[in-house]
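Here the protein sequences line up with chains Y and Z, keeping their order. So the first sequence is numbered by the numbering used here: it starts at 1 and just counts up by one. So the second sequence is numbered by the numbering used here: it starts at 1 and just counts up by one.
Everything labelled a hint here was simulated from the structure, so no lab data went into it. The beta carbon of each residue, even a glycine, is placed where N, CA and C say it ideally should be. One or more of the hints may lead you astray.
Stated by the list, open to error - To give a feel for the contact side, a few chain Z residues facing chain Y, derived at Cβ under 8 Å: (1) M1; (2) L25; (3) Y62.
To be verified - DEER-style ranges, computed between Cβ atoms: (4) Y:T225 with Z:S109: 26 to 32 Å; (5) Y:L50 with Z:E162: 46 to 52 Å; (6) Z:R66 with Y:A48: 49 to 55 Å.
As the list claims (entries may be wrong) - To give an idea of the chain Z side of the interface with chain Y (calculated C-beta under 10 Å), a few residues: (7) L5; (8) P14; (9) F19; (10) R76; (11) E101; (12) E104; (13) C160; (14) F184; (15) K185; (16) S246; (17) I247.
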Amino acid sequence: MSNYFYVAPEQLIKDRAEFAQKGIARGRSIVAAIYDVGVVLVAENPSASLYKISEIYDRIAFAGVGKYNEFDRLREAGIRWADGTGYTYSREDVDARALANYYAQHLGDMFTEGQKPLEVEILVAQLGNKFRPTKLYRIAYEGTISDEADFAVLGGDAETIMGRFADLEVGHLTLAQTLQNAVSALAGPERELPVGDLEVGVLEDRGDRRTFARLEDEQIARLLT
Amino acid sequence: MGLPLFDAQSDPGPSFVRFAEMAGLTLPPATSNLSAHATTVVAVRFADGVVMVADRQATSYYVANRDVRKIEAADRYTALAVSGSAARGLEFIRLAQLSFEHYEKMSDSALSLEGKANYLSPLIQRNNLTSTLVVLPLLAGWDLAHQRGRIFEYDGAGGCYERQDFSVIGSGSPFADSTLRLGFKPDLSREDALALAALAIYEAADNDPSTGGPDFVRNIFPMMVTLTSEGFRELDQDITASTFRSINDRRAESGGVAGGTLR
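Only chain Z is shown next, with the shape it has when bound in the complex (with noise of 0.2 Å):
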């Protein structure tokens, strides 16, 4: 690639993606129905901040994958999940990851959050109209400018909306859906906010096939990260293990029943 400059009407400006698209970097859209994916990733807005939880598994007929990372630092204060198409959704994070970076070189100020959010938007909607391979994102981070948590999700078609309590993508999503429902709470604090993330999950994976639960056998487990004033933060994998093992442990001594009561 030669060195790209442009004239002031052909400028795209600090957008990668519209840079990207004139430097011919990007392909169109191809239609396939070969595709690894299903998950299950859960937000949860507490007190300071936001949790996030995702499975960890890449199935298409069969599991194609057993330690995915649905959820990256988008930059220091922003997580991006996805769920659909793992190879159209690890290149959305890539994608999504550069776009913001290069807009903060280039204009030496970094996006707002809604800025982020927003941005993603036109991105979707091209690709899910144009192509059976679908991918839904997840963008939850700390508003460096509002200093709050804040989650916003998506629609197949792009659009976006911000969520106050928490929100589930996936094919999960049902179960981990009434799990949260059930036991959210606004101002839940960082502890019960993971522990609920984490059941969740764990809920998901249970009814689930295509979203992979505490691997206990491989030691895997879903991905804990929480967005607070001090930024991204993935827990180590000995919280996770631990997290989940109590979790199994409680569901084995009741034989499997949930009991009634969020445990």
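In isolation and in its complexed conformation, chain Y is listed as follows (with noise of 0.2 Å):
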């Protein structure tokens, strides 16, 4: 015969939280950020195959810290509701904010009733044009979604690179400054991170019905001089 221990539900809440922040804070961080002509995300990401930074739809893109095989299953999932979507009505009808309550619905699931939480924190961004605006969607691991209004930041040292961000990025600038902002901030005063070691996605118009793009290290090298 088993035996079931009471445990009060603000304990049972604030352990699993701890739980999910500690998995969080092991990896490193995101900064998503919106320049005057699209969506920048800058990830610090030694590999060079596994991504953290993903394109979902022609204007949405998906970026996600903490567990890998956690958050790509959540790439993955929204991957096909933007295209199941698109395939029953139109692809104008896929909507960011749609897919970022779907995420924080089903993390906020997991939270609460699952075998343990998940330990991810994940960005939906998306950009804006006649119909929608930009946006950059923050999801937690307990299912609480932000709306942010010019940048985000995710993943363990979160506040600290968001003090940094922020002391720099003043108004939407070109996607060069933002880049050298976000990865200054990324590095912090101590260190220098390697281009090699980042990983940065786009959304951008470019006259093409797909506006994700990923920036090639010689790219990213370009922009940061």
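Grab the two chains, each in its own frame, and use the hints to assemble them into the complex.
This is the structure in structure tokens:
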């Protein structure tokens, strides 16, 4: 016969939050920011093939920190949701806010009902057009969704990096300036981040339907000089 | 639709069709004889890639539509054309386009041209063996890995065959095929390949009532496309118009007689 011990809900939530925070804090951070003509996502990621930033749809990008297998499954679900919705209705009907809400619901459910909370923090970015605004939706491990006005930082060291970035980024700058600010905010005063450790994705109108692009190392190096 | 999450055993992977079936987005094929169809599309390999030309008419018992686009870019380097049922054909193009993009986003690498060609086989097989609304596609593209233009044609049961010279689909095929057979040479120039493919469509439209020719009244001309290392390019209407106008002028001069030469 098994024994059940009573655990106060406050304690349970606290334990779960601590567990998730610890997992997320182990990974490195991501800065996402709106610049004059687009959205840039910058991650510190030494791996050249296990991406943290990716394309979801024509004008939507995804970024995740924490446990790779957990946020990658969310990324796949996002692509399926977007392609499925666009196929059923129209490409115009695929909205980042709806996707962010589904993510928030799922993370919230896993936090309260799952075996363990997901150790991830994710971001859904949308490049605006005539019909929709440019948006950054940040979704925390417990399902809290926040709509960030100009930039968002994900990961363990978010507060510090956010402070550094806010000091540098005044208004909507060019891609090069915003990227430089994001990199120096991620690195901090004592470190220098090599180009090879950066993963950068942008959403920008180039005349194509698909607006997402991954920047190559040379492109990043050129923008940083 | 909720957030489509799967566990590792039931995950449909990067295939959009498998996912769509699991999520109930696709309907099982139904049977009916009502459809607009008939077409001619040709694809010809030349030195730097592939050219494709297609007529624009959808036909049932009457002309259903005069400006159908039967060739679409499946992605930057691939074109997909369809003949057969218009409804199924256009849906087929949509599904193929989405499937290639879905794969690319899910796995962060584009499908190879051969991978795209093979992916279509079971879709054709399932459609054509369960429904009378038959679809026959034609896939052509620039193969980035092997740096050459390639053409893949299919039979009704989904069999996929690569062609080294040219391929033809649709009701006007016999006439277009004869023209290409007489005029084709390996390593044609871009201009010669376009002229030959346009002539093949002109011949098909001249002989097959369900293939639309150049429409000088409404200014609608067959679609002309090139696939090279620069990707999918559709020729502007003034170029397609002048191409077909010159064929028509030559034919008018000879009183409608092809004259035994390819002109």
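Results of checking the hints against the structure:
no. : hint                           : in the structure
1   : M1                             : 6 Å, holds
2   : L25                            : 6 Å, holds
3   : Y62                            : 30 Å, violated
4   : Y:T225 with Z:S109: 26 to 32 Å : 30 Å, holds
5   : Y:L50 with Z:E162: 46 to 52 Å  : 35 Å, violated
6   : Z:R66 with Y:A48: 49 to 55 Å   : 51 Å, holds
7   : L5                             : 5 Å, holds
8   : P14                            : 9 Å, holds
9   : F19                            : 5 Å, holds
10  : R76                            : 9 Å, holds
11  : E101                           : 7 Å, holds
12  : E104                           : 9 Å, holds
13  : C160                           : 24 Å, violated
14  : F184                           : 34 Å, violated
15  : K185                           : 36 Å, violated
16  : S246                           : 32 Å, violated
17  : I247                           : 33 Å, violated
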